[in-house]
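J.: One-letter residues, chain by chain:
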Amino acid sequence: MPETIVIIGAGQAGAQAVQSLRAEGFDGPITMVGDEAYPPYQRPPLSKAYLLGSFERPRLFLKADNYYAETGCELLLNTSARAIHRAERTVELTDGRKLAYDKLLLTTGAQVRKLKCPGADLPGIHYLKTIADVDGLQAVFQAGKRIAIVGGGYIGLEVAAVGAKRGLDVTVFEAMDRLMARAVSPQLSSFYAAEHQKAGVKLKLHTGVQAFEGNGKVERIIAGGQSYDTDIVLVGIGVVPCDELATHAGLASEDGIVVDQNARTGDPHIWAAGDCTRHVGREGHSLRLECVQNAIDQAKHAALAMVGKPKTYSEVPWFWSDQYDLKLQIAGLARPSDTLVLRGDPAARKFAVFHLRDGVVAAVEAVNAAPEYLMGKKWVGEGRKIAPQMLADTSIPMKQMA
Amino acid sequence: MNKAKYKVTYIEDSGKAHTVEVAEGWSLMEGAVKHLIPGIDADCGGACACATCQVYVAPEWQAKLPPRSDMEETMLDFAPDVRPGSRLSCQLRMSAELDGIVLHLPKSQH
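Line by line, the protein sequences are chains A and B.
The first sequence begins at 2 in the working numbering and counts up by one.
The second sequence begins at 5 in the working numbering and counts up by one.
It is worth saying that the hints were derived from the structure and are not from the lab.
It is possible that some hints are incorrect.
Unchecked claim - Heads up, simulated DSS-like pairs for lysine-lysine below, C-alpha to C-alpha not over 27 Å straight-line:
hint, chain 1, residue 1, chain 2, residue 2
1, A, Lys64, B, Lys11
2, A, Lys400, B, Lys111
3, A, Lys328, A, Lys312
4, A, Lys379, B, Lys111
5, A, Lys130, A, Lys218
6, B, Lys111, A, Lys312
7, A, Lys218, A, Lys146
8, A, Lys115, A, Lys49
9, A, Lys310, B, Lys11
10, A, Lys115, B, Lys9
11, A, Lys49, B, Lys111
12, A, Lys310, A, Lys203
Stated by the list, open to error - Taking CB as the label site, the calculated pair distances span:
hint, chain 1, residue 1, chain 2, residue 2, range
13, A, Asp96, B, Lys20, 36 to 46 Å
14, A, Ala38, B, Lys20, 51 to 61 Å
15, A, Ala195, B, Lys11, 43 to 53 Å
16, B, Ala21, A, Gly201, 44 to 54 Å
17, A, Ile223, B, Asp103, 49 to 59 Å
18, A, Val241, B, Glu64, 34 to 44 Å
19, B, Gly19, A, Ala195, 47 to 57 Å
20, A, Ala195, B, Ser73, 22 to 32 Å
21, B, Ala8, A, Ala195, 42 to 52 Å
For every residue, glycine included, the Cβ atom is placed at its ideal position computed from N, Cα and C.
Throw the hints in and build the complete structure from the sequences for me.
T.: Okay, structure coming up:
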């Protein structure tokens, strides 16, 4: 009897796991359970080209329509799991059905962090995580409308850029004193703040939101003690891992299902991958990564371990964000104590910030600078030392420093 | 939205050929990924952010393609085993003119 694998969560990690399991020779039945109406799709375009309308829905899907059927993966959509019964190795679905597994993979992802202030449940307050969310926002996302964006992170700023391009009146409210504070260096924050202001986006930094008001729908946002009229609100204040299923089954979670370097949980029959997990990264620290890279690479490692070919997960994390005509690409994880080296001229809208730790390249942030990003990512992986004066010297091509 | 579809043949490094249909306007990377052609990773999903969708365009088809953008050029600079016919397939859009195009895939994208 071939083993049966059940995957809970039909996102990027789940789809990657199916592909990798088959590529690694697993030929038993796979069932993938997803609570959305759609088969696995790419989320990154949702806040970018898909919202802009330049990327139609069918292109979001990660695989061809017939892929799952052809590869022998049963896809249960609009379906949620209620419980994992570890002793009998079954997953109980909310419709009462039970799925037996030999091996279980949790790719449950993350859900948006919700605002809990007065008025937070008024109609007209949007979040952005799913196709359905964007379709809902799309319906009101029209030129001339005022949109208040809560959160100056990737999602908020990508939507701000699309909004400005589409002719909306955009205001971003950020509680911290700079944009993308969790993700990028202060240099990048300042650069992006200036770019958004140039595009007509109003930035309210250090401005926490206290409440929303309105008659039957949101009409005002109260932030930093002031009231602002608005037509639409979009909240992008981060995500929380979907770990309830795991914790209810007694699996460890510390703001993320705890997995080892083979993506295995404390139960030898259960793995987890992607946004829902917490693992010890390549630098020895426990971390939760919310990104495509982690979804793909951790799912690949889970698949390898599930077919008995475990390999240590130590890939360099990478991220990207598209705002206006600026492509931000980041590799590695920066720390505030890193020494920063600027290469190129931000005024030319093409530059990179290298983060050195004891002389070793620990991270790179590149804006419209693919060579710096690609070479930097390689160096981070190798732990290479590069002289700062060489890095800063744009007369030396990146390739020459290889 | 029923778009015209055209044929693309992807040839793996091993010589195994896959002929599939790709909708007009879609990228040749998407055509490969959605049909699960091995040899194209395209980790970033087509954002020109990862350089893992390199293909080698057969000589007779090269002239029919738009020239490489600066971004594509620099990304390719760092891809392994780049040849004169190298392109990032995420940057190539399917059209009637490309019906029947033949793309060879590298041994590895990394």
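J.: Now, for every hint given, state plainly whether the structure supports it.
T.: Hints, one by one, checked against the model:
no.	hint	verdict
1	A/Lys64 / B/Lys11	holds (18 Å)
2	A/Lys400 / B/Lys111	holds (22 Å)
3	A/Lys328 / A/Lys312	violated (32 Å)
4	A/Lys379 / B/Lys111	holds (19 Å)
5	A/Lys130 / A/Lys218	holds (21 Å)
6	B/Lys111 / A/Lys312	holds (21 Å)
7	A/Lys218 / A/Lys146	holds (15 Å)
8	A/Lys115 / A/Lys49	holds (21 Å)
9	A/Lys310 / B/Lys11	violated (37 Å)
10	A/Lys115 / B/Lys9	violated (42 Å)
11	A/Lys49 / B/Lys111	violated (32 Å)
12	A/Lys310 / A/Lys203	violated (52 Å)
13	A/Asp96 / B/Lys20: 36 to 46 Å	holds (42 Å)
14	A/Ala38 / B/Lys20: 51 to 61 Å	violated (35 Å)
15	A/Ala195 / B/Lys11: 43 to 53 Å	holds (47 Å)
16	B/Ala21 / A/Gly201: 44 to 54 Å	holds (51 Å)
17	A/Ile223 / B/Asp103: 49 to 59 Å	holds (58 Å)
18	A/Val241 / B/Glu64: 34 to 44 Å	violated (53 Å)
19	B/Gly19 / A/Ala195: 47 to 57 Å	holds (52 Å)
20	A/Ala195 / B/Ser73: 22 to 32 Å	holds (25 Å)
21	B/Ala8 / A/Ala195: 42 to 52 Å	holds (44 Å)
Comparing the model with each numbered hint stated earlier shows that hints 3, 9, 10, 11, 12, 14, 18 do not hold.
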